[in-house]
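Visitor: Make the full structure from the sequences, and use the hints.
Going down the list, the protein sequences come from chains R and Y.
Quick note: the first sequence uses the working numbering, first residue 35, plus one each step.
Quick note: the second sequence uses the working numbering, first residue 35, plus one each step.
Keep in mind that the hints were calculated from the coordinates and are not lab data.
Treat the hints with caution; some may be incorrect.
No copy is singled out in the list; a pair is fine if it fits within one copy or between any two copies.
[Stated by the list, open to error] Derived pair list, reagent style DSBU-like, types lysine-lysine, alpha-carbon separation capped at 30 angstroms:
id, residue 1, residue 2
1, Lys158, Lys180
2, Lys164, Lys188
3, Lys119, Lys61
4, Lys180, Lys157
5, Lys164, Lys153
6, Lys164, Lys61
7, Lys164, Lys119
8, Lys188, Lys108
9, Lys153, Lys119
10, Lys119, Lys158
11, Lys122, Lys158
12, Lys180, Lys122
13, Lys122, Lys164
14, Lys157, Lys122
15, Lys188, Lys153
16, Lys213, Lys108
17, Lys188, Lys213
18, Lys243, Lys180
19, Lys119, Lys237
Number of protein chains: 2
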Amino acid sequence: MTRFFVTPEQMLGDFIVLTGENAVHAKVLRLKAGEQVLICDGGGNECICTISDVSSNQISLVVNNRQESSAEPKVRASVYMAFSKGDKLEHVIQKATELGAYEIVAFPSSRCVSRPDEKSLAKKLERWQKIAASAAEQSGRGCIPKVLTVDSYKAALNRAAEADKAILFYENERATTLKMALEMEPFTSISLLTGPEGGLEPKEVEMAKDAGLHICTLGSRILRCETAPLCALSAVMYATGEF
Amino acid sequence: MTRFFVTPEQMLGDFIVLTGENAVHAKVLRLKAGEQVLICDGGGNECICTISDVSSNQISLVVNNRQESSAEPKVRASVYMAFSKGDKLEHVIQKATELGAYEIVAFPSSRCVSRPDEKSLAKKLERWQKIAASAAEQSGRGCIPKVLTVDSYKAALNRAAEADKAILFYENERATTLKMALEMEPFTSISLLTGPEGGLEPKEVEMAKDAGLHICTLGSRILRCETAPLCALSAVMYATGEF
Numbered sequence: 035m036t037r038f039f040v041t042p043e044q045m046l047g048d049f050i051v052l053t054g055e056n057a058v059h060a061k062v063l064r065l066k067a068g069e070q071v072l073i074c075d076g077g078g079n080e081c082i083c084t085i086s087d088v089s090s091n092q093i094s095l096v097v098n099n100r101q102e103s104s105a106e107p108k109v110r111a112s113v114y115m116a117f118s119k120g121d122k123l124e125h126v127i128q129k130a131t132e133l134g135a136y137e138i139v140a141f142p143s144s145r146c147v148s149r150p151d152e153k154s155l156a157k158k159l160e161r162w163q164k165i166a167a168s169a170a171e172q173s174g175r176g177c178i179p180k181v182l183t184v185d186s187y188k189a190a191l192n193r194a195a196e197a198d199k200a201i202l203f204y205e206n207e208r209a210t211t212l213k214m215a216l217e218m219e220p221f222t223s224i225s226l227l228t229g230p231e232g233g234l235e236p237k238e239v240e241m242a243k244d245a246g247l248h249i250c251t252l253g254s255r256i257l258r259c260e261t262a263p264l265c266a267l268s269a270v271m272y273a274t275g276e277f
Numbered sequence: 035m036t037r038f039f040v041t042p043e044q045m046l047g048d049f050i051v052l053t054g055e056n057a058v059h060a061k062v063l064r065l066k067a068g069e070q071v072l073i074c075d076g077g078g079n080e081c082i083c084t085i086s087d088v089s090s091n092q093i094s095l096v097v098n099n100r101q102e103s104s105a106e107p108k109v110r111a112s113v114y115m116a117f118s119k120g121d122k123l124e125h126v127i128q129k130a131t132e133l134g135a136y137e138i139v140a141f142p143s144s145r146c147v148s149r150p151d152e153k154s155l156a157k158k159l160e161r162w163q164k165i166a167a168s169a170a171e172q173s174g175r176g177c178i179p180k181v182l183t184v185d186s187y188k189a190a191l192n193r194a195a196e197a198d199k200a201i202l203f204y205e206n207e208r209a210t211t212l213k214m215a216l217e218m219e220p221f222t223s224i225s226l227l228t229g230p231e232g233g234l235e236p237k238e239v240e241m242a243k244d245a246g247l248h249i250c251t252l253g254s255r256i257l258r259c260e261t262a263p264l265c266a267l268s269a270v271m272y273a274t275g276e277f
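Guide: This is the structure:
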């Protein structure tokens, strides 16, 4: 069933009107009166609706059933990725959304080559949030992961440490595996941090330890900065019983 | 340490000469006499070498230590991916190599939109194998995964079923998780099959069952055809103790 995200306010009544991009999208799909669609508020609430009328720029819907989304993972996984070159962050936002990330946080670190200035950052954030929304629609998510940035590496560590469990992946770590860190104690929220193209500096790893993060390996192969977060997220989803 | 792949024959003696693309690569990295490099035969054997001489198109090395590669996973995971549009297969070949795949097998299925003809396939295979070699070098693999294609969906199933465990991922499967399939009995080789953009047809899933494959879910979110194989491979690497 085709899925559309609307604001929570739009979902309150017995009738919903799709406008703007949603209406354009419905047009492209040639949806017709009588067909069913799934409407989500992006916060985990959904309703099944029947299309009652289609005009040139609006679609009118009748709400049939309300339900909680069944597609949201049990664990809230926050993906923290260092700023990186090219479209790597966009790639990770799209894939992490599919894989069930709760939010994606971009942060600066010493060896980041690419660090957007304030003006371009606002534009990028808007674009990134759209990528997350589109991936959420296509993958059948009940929530749209929030994409945000933090100003400093320290701020990323402090924010990450607020989760039940926070893990920094470091290519020179050998002893502690992700499995060890996950099996230590139960958790319902987790932060997963990975470095930029050039890796993290040893002193940054020390800072993470001091902030209370576990330092873990992702195996004996060196993963690219866009592969590591998705590998870690896939493993966490597997380990927490999603598949 | 920089890693170069040579043929097994080149690795037999006490001296190794890097030529062709390897020599060009060494030039780009400005490697000098006295520096150490890692030479691999692509089959899991490595040796640490010292650069003795650098000429305009050759690099001469002295072999110091021979060792088995420690970067190869304990389990041989074969990634079977249906032919797909654009550069998705290339993307998966690169990432699956990083993540430790033993081989990558492309296969046709009913809903494949893109199916290369014989002539373009030969060219593509050459290109794909280069992508695997380059990713193996960068990620520090001891082996270069072989990239191959099979002629039919049936042939893919039969080949996949030769592994200790063979799993087909299907978005309409709800009951059987990957975890269940992995925990059934021990294995040292595994085949992971995923469908094309449009998914697999129900009769293709039945064929896989008949061929002895487990049919598993990858969770309640719909993954893109290039996300699913990497998610599955990451989970298998995690489950088999790689990280």
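Visitor: So, for every hint listed, does it hold in this structure?
Guide: Comparing the hints with the structure gives:
1. Taking CA atoms no more than 30 angstroms apart as the test, Lys158 paired with Lys180 passes inside one copy only; the shortest distance there is 13 angstroms, against 38 angstroms between copies.
2. With identical chains, the CA atoms of Lys164 and Lys188 are at most 30 angstroms apart within one copy only, with a shortest distance of 27 angstroms there and 40 angstroms across copies.
3. For the identical chains of this complex, Lys119 and Lys61 are inter-copy neighbours only, at 25 angstroms across copies versus 36 angstroms inside a copy, given an alpha-carbon limit of 30 angstroms.
4. With identical chains, the CA atoms of Lys180 and Lys157 are at most 30 angstroms apart within one copy only, with a shortest distance of 15 angstroms there and 42 angstroms across copies.
5. In this assembly of identical chains, Lys164 and Lys153 lie within 30 angstroms of each other by CA distance solely inside one copy; the values are 18 angstroms within and 40 angstroms between copies.
6. For the identical chains of this complex, Lys164 and Lys61 are intra-copy neighbours only, at 19 angstroms inside a copy versus 43 angstroms across copies, given an alpha-carbon limit of 30 angstroms.
7. Taking identical chains as interchangeable, the C-alpha atoms of Lys164 and Lys119 lie at most 30 angstroms apart whether they share a chain (19 angstroms) or sit on different chains (23 angstroms).
8. Taking the shortest alpha-carbon separations for Lys188 and Lys108, only the intra-copy value of 28 angstroms comes in at or below 30 angstroms, while the best inter-copy value is 37 angstroms.
9. Taking CA atoms no more than 30 angstroms apart as the test, Lys153 paired with Lys119 passes inside one copy only; the shortest distance there is 17 angstroms, against 36 angstroms between copies.
10. Taking the shortest Cα distances, Lys119 and Lys158 sit within 30 angstroms of each other both inside one copy (13 angstroms) and across copies (27 angstroms).
11. Taking the shortest Cα distances, Lys122 and Lys158 sit within 30 angstroms of each other both inside one copy (13 angstroms) and across copies (24 angstroms).
12. For the identical chains of this complex, Lys180 and Lys122 are neighbours both inside a copy (17 angstroms) and across copies (26 angstroms), given an alpha-carbon limit of 30 angstroms.
13. Proximity of Lys122 and Lys164 under a CA criterion of 30 angstroms is satisfied in both settings, with 16 angstroms inside one chain copy and 22 angstroms between copies.
14. When the C-alpha separation of Lys157 and Lys122 is checked against a cutoff of 30 angstroms, the pair qualifies both within a copy, at 16 angstroms, and between copies, at 27 angstroms.
15. Within a single copy, Lys188 and Lys153 get their C-alpha atoms as close as 22 angstroms, which meets the 30 angstroms cut-off; across copies the closest is 54 angstroms, which misses it.
16. Taking the closest pair of Cα atoms, Lys213 and Lys108 come within 30 angstroms of each other both inside a single copy (18 angstroms) and across two copies (16 angstroms).
17. In this assembly of identical chains, Lys188 and Lys213 lie within 30 angstroms of each other by CA distance solely inside one copy; the values are 26 angstroms within and 36 angstroms between copies.
18. Only within a single protomer do Lys243 and Lys180 lie at most 30 angstroms apart by alpha-carbon distance; the minimum there is 26 angstroms, versus 39 angstroms between protomers.
19. When the C-alpha separation of Lys119 and Lys237 is checked against a cutoff of 30 angstroms, the pair qualifies only within one copy, where the shortest distance is 23 angstroms, while the shortest distance between copies is 43 angstroms.
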